[in-house]
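> All chains should be modelled from the sequences, with the hints used to inform the complete structure.
4 protein chains.
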Amino acid sequence: MADLRSDILDRARHLLVTEGYADLSMRRIARAVGCSATSIYLHFENKDALVHTLIDVGFEGLNTRLQEAAEAHVDPAGRLEALARAYVAFGRENPEYYEVMFQLHPQRMARYPVEAYRRARRNLELLEAAIVDGTAAGAFSAPAPEVTAHVMWASMHGVVSLLVAQRVDVRIDADALVEAAVRHVVDGVRAGVAV
Amino acid sequence: MADLRSDILDRARHLLVTEGYADLSMRRIARAVGCSATSIYLHFENKDALVHTLIDVGFEGLNTRLQEAAEAHVDPAGRLEALARAYVAFGRENPEYYEVMFQLHPQRMARYPVEAYRRARRNLELLEAAIVDGTAAGAFSAPAPEVTAHVMWASMHGVVSLLVAQRVDVRIDADALVEAAVRHVVDGVRAGVAV
Amino acid sequence: MADLRSDILDRARHLLVTEGYADLSMRRIARAVGCSATSIYLHFENKDALVHTLIDVGFEGLNTRLQEAAEAHVDPAGRLEALARAYVAFGRENPEYYEVMFQLHPQRMARYPVEAYRRARRNLELLEAAIVDGTAAGAFSAPAPEVTAHVMWASMHGVVSLLVAQRVDVRIDADALVEAAVRHVVDGVRAGVAV
Amino acid sequence: MADLRSDILDRARHLLVTEGYADLSMRRIARAVGCSATSIYLHFENKDALVHTLIDVGFEGLNTRLQEAAEAHVDPAGRLEALARAYVAFGRENPEYYEVMFQLHPQRMARYPVEAYRRARRNLELLEAAIVDGTAAGAFSAPAPEVTAHVMWASMHGVVSLLVAQRVDVRIDADALVEAAVRHVVDGVRAGVAV
DNA sequence: GATGAATGAGCGTTCATTCAT
DNA sequence: AATGAATGAACGCTCATTCAT
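Chains as they are written, first to last, in my numbering: chain A, 1 to 195; chain B, 1001 to 1195; chain C, 2001 to 2195; chain D, 3001 to 3195.
It is possible that some hints are incorrect.
Computed spacing ranges between beta-carbons, pair by pair [claimed, not checked]:
1. A:Thr-64 / C:Gly-2034: 48 to 56 Å
2. C:Leu-2042 / D:Ala-3144: 49 to 57 Å
3. D:Glu-3071 / B:Ser-1039: 52 to 60 Å
For the chain C half of the interface with chain D, some residues (derived, Cβ under 8 Å), not all of them [what the hints assert, rightly or not]:
4. Glu-2019
5. Gly-2020
6. Ala-2022
7. Phe-2102
8. Gln-2103
9. Glu-2146
10. His-2150
11. Val-2151
12. Ala-2154
13. His-2157
14. Ala-2165
15. Gln-2166
16. Val-2168
17. Leu-2177
18. Ala-2180
19. His-2184
Straight line, CA to CA, 30 Å or less: simulated BS3-like cross-link-like pairs of lysine-lysine [unchecked claim]:
20. C:Lys-2047 / D:Lys-3047
21. B:Lys-1047 / A:Lys-47
22. C:Lys-2047 / B:Lys-1047
23. B:Lys-1047 / D:Lys-3047
24. C:Lys-2047 / A:Lys-47
If you're looking for bench data, these hints aren't it; they were derived computationally from the structure. Predicted model only: the values in this text are computed from it and were never measured. All residues carry an ideal CB built from backbone N, CA and C; glycine is no exception.
Written as structure tokens, this is what we have:
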């Protein structure tokens, strides 16, 4: 009630998570909010703008989540693991949201404001910082931390993607897969040292 | 011109990567091909069938590619690495296929025939076989090879996904990222032994 | 112009009799009304709802007509005859309504609300009441008044149907046919007594 | 097999009876017959022509049926009753067929060949003949036999129509209704004498 | 700040029909 | 006598968006 704009975003997010992107229409959002479809245009230039805002909010949420995970651990290895877990957890808890955040077609993202991209990048920087810290502390050996961060991200993203798209064999337990992936990723970064 | 059916598939595949699945319509395909929308129905029962064919052909191609990679290497470690490289290469070279094959939400492919799913699984089995062979030969230590195969797959899939969706930071060289990811993945499997 | 909703109903009703139900489409209605097809959906949930409304309004009109006829006569025989005449008159004057009301196949009106059926039945009850009254007064002898009411209805419906569908031989005067049918029907009910 | 044209008519009639007019398409007929849709056009100018032929055949069948009923009875009253029963029976046994024969929209019938109308009229003539015979024999009194025949027809048609369109109250037994209607109709003609 | 009415474009699909072979 | 390929028109319906109020 307080703020129509927030209401719209909240409901849109909820619709996205529960019904999926394909069924996210201005009318449906309006119906859920309890206002007219026209009113949405008073707060968002068009559907693209609304979705972009939604994505922004999503990255904001992911960021908060990762930040919390990072702050809970001082030692870099523990921090890295916590970050990986937090990332996967976020994706699994918000599958449709995650899909839009990371798989929305590039063309649809064309007009996505640049500053928003920066926000998205902040997540990576948390990973990178942990890697750099770990390397400084002698726990890891990552000569190109930004690449290593990307590799980690890719692994986590792959796990979430497959799970969200329900592509994982039914005989594989999702939690076990996540556990193994997290182990694999963290050990991978540590492995450099061993050698 | 020669074969309308192939033309339709080609154009549809192209449209898919340039415009995205949400904007893939029978009419658009027809316009791109230069025939009437009705004509498509002479070759495909409906839109679902067309997309499923696309997916099938994609998996066929990926399978061929992986099989070739597997057959070129006898030693399991080399084979595993070759498989990883082949997988990523296929995804990067055929982003159009990759999108339908792995990112199309199951909900949208409701009636995808079961036998086709089996074909998709065959790819994973190649990975798994290499892991099992390597474990038998003492080169790897993977107590749950099917989970390990999934972890590897997820990592490769993550890399391809991010690259295809153009989500990777522009300052990161794509080839370097792939190289690091492949290393990370293969070393990850080998690492088990060290421990 | 005044009221788009009424306009739509009017035009739809007209189209129905001139073109037939099979050719009644939202687009045709829109074209006839002079609005976009989309606009119809602002006033009716879908085509079914539109047709149902048409039927409802039709039954409302028929009911009014029959009620008036019934109230104008105290003696049952006169009332029965008046009802028969009113029924036929309504059908001949509103062929457009009549078609949807009675000739639309139930399969095509799948979701016709039950309460509307009840309204349709009210007409029959007027007939039945007259028959029961006449029997009580000794003017008729109808052991199963609800069946007799149906028989009367069927006769009247047959006359209207044939006339509306233009199936009656051109050499037969429509008024004479109606006259004979009414006579036949009313006498038929009375006949029971004579025997 | 013998004759494609007859095959088409047979299958079309069957489709009409089992699936309904709305679902009667050239393609479906072709599929049922086992030939190409194009082939139908070698035997019928277009769908209208095919349907008209179908109607013709229908009237032929009804005629045969009525003729048999007429020939089985010498006394006019019995003949009239048999005719009424035969008519209703035909309609109830071929509901969709009946619908097309008698309720196809006038516009759709526009190009229905005149000579075919004559065939349709022959049925009425059987009724009329029985009435004339009965009047000559002193059993009936029908000053305008062609009108009386129409009245009878209308009654029978009304019964069939209501039954076929499933408009009869579920609490009314269909057979009882038919019985009462036949009685009513035949007695109606006889009643003239009494007066 | 908010709305109801309205619309053009588009969707997947089916249809009767034509034409070259 | 028969066909496969092809098509334009139409269907019911949903969508994002605009505009006058």
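> Next, verify each hint and record whether it holds.
Hints versus structure:
Between A:Thr-64 and C:Gly-2034 the CB atoms are about 55 Å apart, so this pair conforms to the stated range of 48 to 56 Å. One distance hint, 49 to 57 Å for the beta-carbon pair C:Leu-2042 and D:Ala-3144, holds here, with the actual separation near 54 Å. Between D:Glu-3071 and B:Ser-1039 the Cβ separation comes to about 57 Å, which falls inside the hinted range of 52 to 60 Å. At its closest, the beta carbon of C:Glu-2019 sits 6 Å from a beta carbon of chain D; the interface hint therefore holds under the 8 Å criterion.
For C:Gly-2020, the interface hint holds, the least distance from its beta-carbon to any beta-carbon of chain D being 3 Å, beneath 8 Å. The interface hint given for C:Ala-2022 is met, as the beta carbon of that residue sits about 7 Å from the closest beta carbon of chain D, less than 8 Å. Look at C:Phe-2102: its Cβ gets to within about 6 Å of chain D, closer than 8 Å, so that hint holds up. Evaluation of the C:Gln-2103 hint against chain D yields a held restraint, the C-beta minimum of about 6 Å falling below 8 Å.
Hint on C:Glu-2146 holds. Least Cβ distance to chain D is approximately 6 Å, under the 8 Å limit. At its closest, the beta carbon of C:His-2150 sits 6 Å from a beta carbon of chain D; the interface hint therefore holds under the 8 Å criterion. Interface hint status for C:Val-2151: upheld, as the beta-carbon distance to the closest one in chain D is roughly 5 Å, under 8 Å. A hinted interface residue such as C:Ala-2154 counts as satisfied when its beta carbon comes closer than 8 Å to some beta carbon of chain D; here the least separation is about 4 Å, so the hint holds.
For C:His-2157, the interface hint holds, the least distance from its beta-carbon to any beta-carbon of chain D being 4 Å, beneath 8 Å. A distance limit of 8 Å between C-beta atoms decides the matter here; for C:Ala-2165 the minimum to chain D is near 6 Å, and the interface restraint holds. Restraint check, C:Gln-2166 versus chain D: the minimum CB separation of about 5 Å is within 8 Å; hint holds. Interface hint at C:Val-2168: satisfied, since its Cβ lies 6 Å from the closest Cβ of chain D, which is below the 8 Å cut-off.
With a least beta-carbon distance of about 6 Å to chain D, the hint placing C:Leu-2177 at the interface is held under the 8 Å criterion. Below 8 Å, beta-carbon pairs count as interface contacts, and C:Ala-2180 has one with chain D at about 5 Å; its hint therefore holds. At its closest, the beta carbon of C:His-2184 sits 5 Å from a beta carbon of chain D; the interface hint therefore holds under the 8 Å criterion. Restraint check for C:Lys-2047 and D:Lys-3047: satisfied, since their Cα atoms lie roughly 26 Å apart, inside the 30 Å limit.
Taken as a hint, the B:Lys-1047 and A:Lys-47 pair is honoured in the structure, with Cα atoms around 26 Å apart against an allowance of 30 Å. With a CA separation close to 26 Å, the supplied pair C:Lys-2047 and B:Lys-1047 stays within the 30 Å bound. Under the criterion of a C-alpha separation no larger than 30 Å, the hint pairing B:Lys-1047 with D:Lys-3047 is consistent with the structure, at around 29 Å. As the CA atoms of C:Lys-2047 and A:Lys-47 are separated by approximately 29 Å, the hinted pair is consistent with the 30 Å bound.
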